[in-house]
Amino acid sequence: MELLRIDWNVIFTIINLIVLYLALRKFLIRPVTNIMEQRKNMIEGQLADARKQREQADELKTQYEKQLADAHEESAGIVEQARKNAQAEYESRIDAADAEAERIIRNAHKAVEMEREKTVRELQSQIAVLAVAAAGKVLGEASTRENNQLLYEQFLAKAGGVNDADGK
Amino acid sequence: MEELSCETAFTIPVFGGIPVAESVVVTWLIMAVLIAAAIFLGRNLRVENVGKRQLVLETVIGGLHNFFYDLLGEEGKRYIPYLMTVGIYIGVSNMIGLFGLKSPTKDVGVTAALALMSIVLIEFSGVRQKGAKKFLKSFAEPIPIMLPMNILEIFIRPLSLCMRLFGNILGAFVIMELIKIVAPLLVPIPFSLYFDLFDGFIQAYVFVFLTSLFIKETIE
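Protein chains in written order, with this note's numbering: chain G, 3 to 170; chain F, 1343 to 1562.
No lab work stands behind these hints: they were computed from the structure.
Quick caveat: nothing in here was measured; it's all calculated off a predicted structure.
Please note that the accuracy of each hint is not assured.
[What the hints assert, rightly or not] Here are the computed distance ranges between Cβ atoms for each label pair:
id : chain 1 : residue 1 : chain 2 : residue 2 : range
1  : G       : Gly47     : F       : Ser1502   : 29 to 39 Å
2  : G       : Asn36     : F       : Ala1379   : 14 to 24 Å
3  : G       : Lys54     : F       : Leu1443   : 39 to 49 Å
4  : G       : Gly47     : F       : Lys1394   : 46 to 56 Å
5  : F       : Val1356   : G       : Gly47     : 55 to 65 Å
6  : F       : Val1398   : G       : Gly47     : 20 to 30 Å
7  : F       : Leu1489   : G       : Gly47     : 49 to 59 Å
8  : G       : Lys42     : F       : Thr1353   : 45 to 55 Å
9  : F       : Gly1415   : G       : Gln69     : 48 to 58 Å
[To be verified] Covered stretches of chain G, as calculated for chain F (at least 3 residues, CB under 8 Å):
id : region
10 : 15-26
11 : 40-47
[To be verified] Calculated lysine to aspartate or glutamate pairs in the EDC-like style (CA-CA distance at most 16 Å, straight line):
id : chain 1 : residue 1 : chain 2 : residue 2
12 : F       : Lys1444   : F       : Glu1390
13 : F       : Lys1419   : G       : Glu39
14 : F       : Lys1558   : F       : Glu1495
15 : F       : Lys1475   : F       : Glu1465
16 : G       : Lys42     : F       : Glu1417
17 : F       : Lys1472   : F       : Glu1519
18 : F       : Lys1479   : F       : Glu1562
19 : F       : Lys1476   : F       : Glu1562
20 : G       : Lys42     : F       : Glu1562
Cβ atoms here follow ideal geometry from the backbone N, Cα and C, with glycine treated the same way.
Only chain G is shown next, with the shape it has when bound in the complex (with noise of 0.2 Å):
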């Protein structure tokens, strides 16, 4: 009975060790531990990947939002010029149509005027000849130039002067 035997079988068991040690690890744990790492790595790279994607995006995100600020801005500056401009436009428009309205009422005033300086004018001259000519008839057509003028300047003085005929 050999219950503790040691000889030739532990180098036999330390070479079987080897062997199974070797193609175990060749056939066994390098292709599992090696597919494990490359799914950790595939895995790593993927959420790396997607931070990046991420960042990307939320980068664009406040780029657009400052964008649509900036031309929020902008629309606003150009309405509010736009309401300068018709603003300015109307009132040079009404000054320009005050002053048109002013010179055209001037205008109509002046000719008013002068149209009434003409007719009173006129008039003085026909009433002068009218008056010399009812002196004439009163005198008997016998009157000589002379005369006449005398008779132009007694009516006139009776009459009141040509100043104070002023239409009344």
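Once you've looked at the hints, dock chain F against the given chain G.
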């Protein structure tokens, strides 16, 4: 009690006959099965769309890897495949009694070889990590008076590993044989579950656990 002895399976007729023990032959059988299974399982591994076979394989190998990685850390990563191999081999060896074969680990020659490999690996890891000079110095740490103890540990550690495994498996084997003599029908089943499966697993676990602990201690 002829079951207790380690029989010689055959003798190589050189140098006046080299006896090959039964345990070595059983080991060859286990190796053949393990390598065949490894080749079969290790084929067609994919990174994506893994099948059930690969999923189970990855769970087992990944679990073992994590177990040893937690013990050894980054520096001891290189010893993981060997420890896995030894763990699988001892586990299968301890449980092979279920198939009516004699566990190779019942042979003190096999456990001695395992322990020898372990102590070589432990000391090698120390030399590799620290360099020869610092490694030799580490025997006088933490205080020089520990020198004899530390030197003794080189022999005590493999001896304890060897004898613990051998004794447990032999004891379980003897008890199982006795139970089979007393009650050959049904009664051995629960005992077999304990002595072959549970004890076999625990002993494999303890062996690789202690080996990795010693490696960790040496490379620190």
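Hints and how they fare:
About 47 Å separates the C-beta atoms of G/Gly47 and F/Ser1502, a value inconsistent with the hinted range of 29 to 39 Å. Between G/Asn36 and F/Ala1379, the C-beta spacing of about 18 Å keeps the proposed range 14 to 24 Å intact. Against the hinted window of 39 to 49 Å, the Cβ-Cβ separation of G/Lys54 and F/Leu1443 comes to about 58 Å, which falls outside the hint. About 26 Å separates the C-beta atoms of G/Gly47 and F/Lys1394, a value inconsistent with the hinted range of 46 to 56 Å.
For F/Val1356 paired with G/Gly47, a C-beta distance near 57 Å keeps the hint of 55 to 65 Å intact. Take F/Val1398 and G/Gly47: their Cβ atoms lie about 26 Å apart, and the range 20 to 30 Å holds. At about 51 Å, the beta-carbon gap between F/Leu1489 and G/Gly47 stays in the expected band of 49 to 59 Å. Between G/Lys42 and F/Thr1353 the beta carbons are some 51 Å apart, a value that agrees with the proposed interval 45 to 55 Å.
Remark: the range hint 48 to 58 Å for F/Gly1415 to G/Gln69 is upheld by a beta-carbon distance near 53 Å. Note: the region 15-26 of chain G has 9 residues with beta-carbon separation from chain F under 8 Å; the three-residue rule is met and the coverage holds. Here the region 40-47 of chain G counts 3 residues with a CB under 8 Å from a CB of chain F, which clears the bar of 3, and the coverage holds. For the hint pairing F/Lys1444 with F/Glu1390, the CA-to-CA distance comes to about 42 Å; that exceeds 16 Å, so the pair is violated.
Of the pairs offered as hints, the one joining F/Lys1419 and G/Glu39 holds, with about 14 Å between alpha carbons and a cut-off of 16 Å not exceeded. A threshold of 16 Å between alpha carbons decides the hint, and for F/Lys1558 with F/Glu1495 the separation of about 15 Å falls inside it, so the pair holds. Of the pairs offered as hints, the one joining F/Lys1475 and F/Glu1465 holds, with about 13 Å between alpha carbons and a cut-off of 16 Å not exceeded. Using a Cα cut-off of 16 Å, the hinted pair G/Lys42 and F/Glu1417 is violated, with the two alpha carbons roughly 20 Å apart.
At roughly 48 Å between alpha-carbon atoms, F/Lys1472 and F/Glu1519 are farther apart than 16 Å, so this suggested pair is violated. Of the pairs offered as hints, the one joining F/Lys1479 and F/Glu1562 holds, with about 13 Å between alpha carbons and a cut-off of 16 Å not exceeded. With a C-alpha separation of about 12 Å, the suggested pairing of F/Lys1476 with F/Glu1562 holds against the 16 Å cut-off. Restraint check: the Cα-Cα separation between G/Lys42 and F/Glu1562 comes to about 28 Å, which exceeds 16 Å; the hinted pair is violated.
The structure fails hints 1, 3, 4, 12, 16, 17 and 20 (numbered hints given earlier, in ascending order).
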